[in-house]
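Here the protein sequences come in this chain order: A and B. Residue 357 is where the first sequence ends in this note's numbering, and the numbering goes up by one at each step. Residue 1062 is where the second sequence ends in this note's numbering, and the numbering goes up by one at each step.
Worth flagging that the hints you see were computed from the coordinates, not collected in a lab. What you are looking at is a predicted structure, and each value in this text was computed from that prediction instead of being measured. Among the clues, some could well be false.
[Unchecked claim] In silico DSS-like cross-links for lysine-lysine, where the CA-CA straight-line distance does not exceed 30 Å:
1. B:K672 <-> A:K310
2. A:K217 <-> B:K201
3. B:K748 <-> A:K217
4. A:K256 <-> B:K672
5. B:K166 <-> B:K325
6. A:K34 <-> B:K286
7. B:K245 <-> B:K160
8. B:K264 <-> A:K233
9. B:K825 <-> B:K708
10. A:K181 <-> B:K255
11. B:K988 <-> B:K74
12. B:K264 <-> B:K245
13. B:K752 <-> B:K825
14. B:K1060 <-> B:K988
15. A:K57 <-> B:K196
16. B:K439 <-> A:K260
17. A:K260 <-> A:K233
Take a look at the letters that make up each chain.
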Amino acid sequence: MTRHKFIYGILTLALLSCGSSDKKDKSSDNQAVKVETMKVNSSTQNRFSFSGTISAKQMSTIKTRHAGYVKNILVNVGDKVKKNQILLNIDNADLQTKLQQAKAGKEQAQKQFEIAQKDLKRYERLKESNSISDKELEQIQLQYQSSLSAFEQAKQSYNQVAAMMDYTNIKAPFTGTISNKMIQEGDMAMPGMPLLSLTSSSQLEVKSNLSETQITKVKPRQKVSIQVPSVGKTFKGIITEVSSSSETNGNRYFVKTAFKNTPKEVLSGMFAKLYTDSRTQGDSKEVLVSIPQSVLVRQNGLEGVYVYGKSNTALLRWIKTGRQIGDQIEVLSGLTPQDKIIISAESRLYNGLNITE
Amino acid sequence: MKNGIAGNIAKVFLDSKLTILLMIVFMVIGVYSSFLIPREEEPQIDVPMADIFVGYPGASPTEVESRVAKPLEKIVSNITGVEYVYSTSMSGQAMLIVQFVVGEDIERSYVKLYDELMKNMNHMPEGVTPLLVKTRSINDVPIMNLTLWSEEVDDTQMKKVALTLKDRIEQIEDISVVEDIGGRREQIDIIVNPEKLNTFKLNVTQIQQMLRANNMRLSTGEMIQSNESISLKTGQFFSSIEDLKQLIVGQMDQKPIYLDQVAKIEYAASSPQNFVSFGYGLASTKQTEYPSEYPAVSLSIAKRKGADAMQLANVVIANIDQYQKEFIPDNIKVEVTRNYGETASQKVSELLLHLIGAIIAVTIIVMLAMGWRGGLVVFLSVPVTFALTLLSYYLLDYTLNRITLFALIFVTGIVVDDSIIIAENMHRHFKMKQLPFKKAAIYAINEVGNPTILATFTVIASVLPMAFVSGLMGPYMSPMPIGASIAMILSLFVALTIVPYLGFIFLKKTEKASKEEKPKDITDSKIYKFYKKLQQPLLENKAKRWGFLGIIFLILFASFILFFTNSVIVKMLPFDNKNEFQIVIDLPEGSTLEQTNAVTQEIAQYVRQRPEVINYQSYVGTASPITFNGLVRHYDLRQNQYLADIQVNITNKHDRSAQSHDIAKDFRAGVKAIADQFGAEIKIVEVPPGPPVLSTIVAEVYGPDYQKQIQLADSIKTILGKTTDVVDIDWHVEAPQQEYDLIIDKEKAQLKGIQSVQVIQNLNLVMQDKPIAQLYEEQSNLPTRISLKLSDADKSNISQALNLPVISQQGLAYPLSDFITVDQKTIDKSIYRKNQRRVVYVTAEMAGKLESPVYAILGMEDKLKAIDMPKGYKINESYIGLPKHTDDFTVKWDGEWQITLEVFRDLGLAFLGVIIIIYMLIVGWFQSFRAPIVMMIAIPLSLVGIILGHWIMGAFFTATSFIGMIALAGIMVRNSVLLIDFVNLKLKEGMPLKEAILQAGAVRTTPILLTAGTVVIGAFVILFDPIFQGLAISLMGGSIASTVLTLLVIPLIYYIIEKKKG
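Whenever a hint applies, use it, and build me the whole structure from the sequences.
Right, dumping it as structure tokens:
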């Protein structure tokens, strides 16, 4: 080709009109910025997820047996209560009179019983002396028996009313927290009507209702991770109960999952998402790519992360993110396990900035 | 001597005072019309083309092919004027590309197409969507691109500004369409929570119904009250996000369920469908200030047919300054990233400058030979010719583009010839002083007038057949022969009218000034002596004569060998030196938008670090504003998320030494290295110099079985990969792409009280991310859409997505997964068809030393034979025309190859026609069958110079070289004609043969050398234009070689023939 170049050269010289164009090359003198990088986390996984509601393992709604006006409520929502602590009183004025009546009845029956007892002893002695007939004795014996049972009855009805009195002082069935108050002082409390709810704060579990396709993927004592979106954390758990029929539960199988360590910030009633850990049949294996949440760059609804580009420049890569896993966030698209992401830099990063590790 | 036509015409104008006035009028009209003619870069090409889109929801490609594509193809193929019908059958839809014969009337073709389609609509199967017919034309190609980019403003804001700008630009007259690319719009996302829906026993279709049911406003009639008619309007549209949050979508336990209980409702930008970015390259001074890559929105501006691109571009640019004052904020920058108006005006100015350069150079040559007065005659007469040519361009509706202007430059060297011959002869006769001036002038004109007329017609005869080049190259070629012919006729007219007048005035004076000189005789001149010294031995000595002829023949033969040793490479057209090119990026089908963006960004980084790059725009998931090339290749349909391209603007060609083609070649290695790491395919796409084609090399594989065709195509791909200088190999077969076929257990669903349609609608609603309503905003040019969807996390996994509930008639909620089994499949591959035959395309480009597809394809035959084929089958190779039968495999080469073949075939035919016409013309003139053969020997002689010229310059032998060769045939024959005519004239005067030849040779040497000189000099100015280089070399090399040889060889052969006769 030198021959051609030579000819072109001559021709170019001949054409003096041609201007020289020795444009200077701009040297990229901006110093490369030092950055710290890391490989994208990746793991293969199978995953299956279902949802549930967090609820206390022990929870009870406190109701009254006795109808009556609420006299005073001794606790407020959120109060921690001990077992057998009195929570509220129901007005028992009517019971008081009943109690008096029962007491009087009991005493009366007792008197009659005592008379009958004395009569019996008297007649027995008379019988020994054969002063009375057998028939008369039997009559007296019968009298005694009936007064005894009348007395017993009066005693029991007294006890009943006394117990009734006790029911108007409503006590905590177990140690826990008052989670709800449905009644005001002076309200009429009827039997069956919830007054307070008490939850045991230390023991939480997740209750789920699974469909028939989902139920095949879980089994008791399986480990799961429990993600609580409102807290933004994921916890460890274990499936404790798997129901074997859906017929009574609206075509749903009931599943209970217990927390390994009950977290403090989680409250009962929260939504939870449960992910089974690997090695469950069914779903296909897929590569899970995740990055620390701290490196995410958010701009007008787009999420991105700076990566170490092939030309040794910083590149803001837009990505699509999925669920959060602890302090990591799953990347659905935009990153591959081969990519290196920048976790810190000595200066502000922008697209095309020269960088070095 | 009796006056001929030439003499008579000349006599009238010689005497008339009008001549000078006419000259002035012609000049003024010509210059004026040059301002009236619209300027553009590419010629207007009428290729009626239309795309037909048909949807056939749910059908597989094979079903689409047989139900939709095939019947449509038949309908369309029956239309007269349709040349090609391409179809692509994809799953659920078909696309047909209908291409009419080049040059068919556009309106008439479309009417025929619509008519035929409508007539046959009743044959379409049930469930087919209405046809969408999109016509395409060169005017769809935007002449300007504006890119809005910003460091601070986000793309939703930018989109709003861009839309306002679009609105304003569309108001400018002669702007046809402005399109915006990139940016996102604001919308309200209703992100439903499947779990909560489950708890509340709701499904998304119910939400959609509630949204629809509460978003209505109607004119509900009118009422009359106290003599007044009052119209009623009822209902309100959603006008704020609060309206949505407070919408009650259902009930549970007698309590209302509000929409925000089951979904997250928020203002957001729509999820990105594409990424458009802008960045400066190393060649721009702005890179230091703006070193990053910025989100951008592009506006592409197309003009109406016939409008002047340059003027329009200037208007737009002037208006942008105004808009910047009005509504474009400071922190949004507007960059003009394409300006065809400017490039067109540059090209036109450059060519006009070349034209003026050529005229001046020619004048200087003439001055050297005939003195400054002679030069002045030519210098004054040539512009008149061109002025008249421009006028006729205007009248013929031609635009000023690179082809029409090129025609002018091409003829510069030729049109002066008529003037030169006339002027030179007058000059000679004035010098001889045998007659008074006026009589001498007329005598001189008579002497050469008639042969000049003949010679002019031979030149016209030699260029005009090129107007019949068929195919896409036709419109590129035809302005040249037509323009050149017009210019030739006008130059003859000028030579016979204005030149004698000017010559009489100017040349007469020379002679008056040097009166003391004695009348000269030709035999005294130096030229005669020199010519005699060379020619006499050859005339006298038989051995020397034959020896000389033998050597000439040997050189001719030797130069032909250069073609076969690949020392001279044949290529249709070399690449032009442009200021832009495009990098097209294809990821495997099924790649995500983010992944495509990642690859594009990496490549963009490479691009911006190159010293030639001024700026670039990358378009991911959307097509960049199309170019003419892209129009033919249908690049505007590249709207998938796995596709991207980067538009690269490089420094102006005047500011760099390298050709754009070499720069593009240089980019390829670097870009490919990056793309390979990501498994992406790249193509470096340059602006083609001639008609655009699908690719430089296209192998179309036809056969009886589509799977086997694909296998064969794969083997061809492998072979091409091993062939040197073949790059960017790709094929039109999609990579395997995953598909989930969700099969509904209908029985189970129905037992639970759920119909399939519920399952489908619920899924469709949240997975498609389609807007379901929009906010009521009167002012906005981009209303806020409301979209119902799942969060990305919920959509990331099929089992996750199938947690979405569906509600049964009994009011129970079931997850979709209860009724769906997921079948993993690969998507059925699209089926391509061309002219009703199934075809698999393999495409490739050429880069390297052998840039022409010719060499890659010619070497293919043996390699194709080596491919293992199923028993009983073999591969046929076809170079032109589709295979008649597809019961066996055929590889048809297409692309640039097809056009090369067609063009060279048509040019070859034209050349043959030229030779025949010239022969007939000369026979008619000389009334001899043998004389023309002698004269036409000059034609092969020019080949020596042409081929050697290409070899020395290391240039491609291109279509323009061929044109030069054909045109030269005319010029060379003209020289011979003038020479032999003079010999005959002298013979009639009784001069002996040898002496007549010697005298003729000597007398004709000056004008022949002059015409050769003008051709050479005229061609020299286009020697550095990459496209027209071939023509320049042909004209220069050919005329130098054949002039020298004509002067020696033609008389010799004439002598040999005449001597025998005598």
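If you check each hint against the structure, which ones fail? Hints 4, 11 and 16 not satisfied by this model.
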